[in-house]
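Participant: Chains as they are written, first to last, in my numbering: chain S, 1 to 264; chain W, 1 to 264; chain R, 1 to 264.
For the record, the hints were derived by calculation from the structure and aren't laboratory data. What you were told as hints is all true, and nothing was included just to trick you.
Since the list can't tell identical chains apart, any single copy or any two copies may satisfy a pair.
In silico DSSO-like pairs for lysine-lysine, Cα to Cα no more than 30 Å straight-line:
1) LYS215 to LYS173
2) LYS215 to LYS126
3) LYS244 to LYS164
4) LYS126 to LYS166
5) LYS113 to LYS164
6) LYS143 to LYS64
7) LYS244 to LYS203
8) LYS113 to LYS59
9) LYS244 to LYS113
10) LYS203 to LYS126
11) LYS203 to LYS215
12) LYS164 to LYS126
13) LYS244 to LYS215
Note that the structure is a prediction, hence the values are computed from the model and not measured.
Okay, here's what each chain looks like letter by letter:
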Amino acid sequence: MARPIITLTTDYGTSDHLVGVMKGVILSINPEVNVVDITHNVLAHDLLDGALTIGQAYKHFPPKTIHIVVVDPGVGTERRPILVAGDQHYFVAPDNGVLSSVYDQSEALYVWKIISEHYFRQPVSKTFHGRDIFAPVGAWLSKSWQTAAFGEAITDFVRFAIPKPKTAGNTVKGIVLRVDQFGNLVTNLTPTEVPALASTDGKFTIRAGNAAITKVVPTFALGPAGEAVGVIGSSGYLEISVNKGSAARAVGAGRGAEVTVELS
Amino acid sequence: MARPIITLTTDYGTSDHLVGVMKGVILSINPEVNVVDITHNVLAHDLLDGALTIGQAYKHFPPKTIHIVVVDPGVGTERRPILVAGDQHYFVAPDNGVLSSVYDQSEALYVWKIISEHYFRQPVSKTFHGRDIFAPVGAWLSKSWQTAAFGEAITDFVRFAIPKPKTAGNTVKGIVLRVDQFGNLVTNLTPTEVPALASTDGKFTIRAGNAAITKVVPTFALGPAGEAVGVIGSSGYLEISVNKGSAARAVGAGRGAEVTVELS
Amino acid sequence: MARPIITLTTDYGTSDHLVGVMKGVILSINPEVNVVDITHNVLAHDLLDGALTIGQAYKHFPPKTIHIVVVDPGVGTERRPILVAGDQHYFVAPDNGVLSSVYDQSEALYVWKIISEHYFRQPVSKTFHGRDIFAPVGAWLSKSWQTAAFGEAITDFVRFAIPKPKTAGNTVKGIVLRVDQFGNLVTNLTPTEVPALASTDGKFTIRAGNAAITKVVPTFALGPAGEAVGVIGSSGYLEISVNKGSAARAVGAGRGAEVTVELS
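Make the full structure from the sequences, and use the hints.
Facilitator: See below:
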């Protein structure tokens, strides 16, 4: 039988001891686990960024993967730790909406608030539940697979809406959800909502920062050097991109910036 | 039987080939090893930062974990490579004090200088002992567990004191040991030495940078927005913190800065 | 039997979901794989930097390791995906020269263009072949080891020359290939080509940025504080180094800068 997989998605960064400690805690409970980093560079305290990251990654892992997601500005307060079973994946996270994109993509969805403290590392600190609650719960789950043993089923879990584009007349307004490593501006606009983006006849103008873009090309390298173009990225979203350059710098826009599509 | 675990803590960063090479060397000697990164972002050449990092991480790993720690400004000089058995953990490192915090926490402590060159990768470079000495020694140890085979027991290993707070009258002087990923200032002050910090009646003033703090709250989110407060962190140290912000920026203080507590 | 090893070398960074997704895809196909990061911080779109990184790392891994290398500015265009068997290692990469250093070091060399689309993740995006082609091909190879099943042997694969030093009179002109984590300037000059560098009698002047260096020392710590010196690094190249400092900052030179050695 294959080893259980536990993934980690946090805003802890990789400069401190925090991530190493979580791995040590997991391996101390279940040495058979294959611990896999998704990223530890979610923007600090940014629930939307965390939600988008795990939302784009989890489905690519095998069934029965346990995903620990710790973006947790409210650590140590009344917010609850939860365990989630969504379709064929498990999630351990604070109940603050960081799993919202997972909820959106899950047909079957079971959520438990975690209350069985004998699974926690003791004493439980007020500031590092990654070590004291989320890592141990994930590790114990990978041994028993008994979700109900960890707490009580709930239905009032916290969920927020991933920002959706708005249409007014022949203009669709979206935003930049993320700036990726290459400086591409990943928007919340998709060809499903704006079918014109899938055409190649350029009957639209995309505005972002100081750019007015009339071209959507199939891939980054097909953009003329130095010019901002649109690309439908690998997750289905419109991205503003500059061939071998940073669109964020070139057009002067970042996370949260408005992106409009005017249809002509 | 569970696979042996070797952890890596270095100041090599993750942009070069160095860390990958160490992993390749380990797996070439013992393909069963589970190699786990603690961090590769110890401040360059900074023995104290390295000592604090491994000191806060190692105990969370299972017994028999082998920790390779490479912060090694003296690589290729007369400083010795050492192998350490401390309580239930093993360490491979340069003998420059980077294990000082481990020594402080270990009841039983055995140290060998590593001299058995047949365990080294040959030829041994003068500049990359992570590849040529520390990784291969760790990997061979994970096969044989025969510590004495690697060298001679020594007692004159290098050890430095982690900076301790000083009390003068009703003022306790400490320093900022580290700035963490979120900008929290981790000090060397603990409630053991300054019991007032554990109280909630505010009979003290903490000064760091331009801040005068009279509040110690149980967790980050309980600090008023934008205001610096004290928090007793997950490792027991007083941290100066700003709710959802960077205390380092807000109070204008960094690693090594003085932190005083005036008791009233 | 040991678990198969797949290494990853990319310019994806570690802030996005991309690397996590590749690992998920690999483990979904072959859960037995040990996925090892070499680095994800190759300079964006920089084929030379990628070639040097994998060229310095791969040989340290065990025979039969599969190395996935994705520096791919031409993703989604006509450039081919290839599978390479070089001596005892396997490589999966775009055919853009990123394996040039591997080719230089391989005695036996077999290259296939990958055309068997049933091994791809469907639908194949135009922008994320790491997920849709390279990761799945590497994972399937780790199960079958049947290289020829993936495509057709080719001999016209893309290969570029790693920049070599040039000699004119008693001056040898090289360049800075990389700046490492510590700020050392790694040049393309070696004692094989410039034997004087191996001597200790200082009958040469090395010029880089604003520095005129007459000393090559055995290791970093033997350089006088603050002074730029030469060091023959662990890969055999001359490096310009400052003891406990950044040579890049100290001499004002970076990647691609000219480095000359004048023999006297």
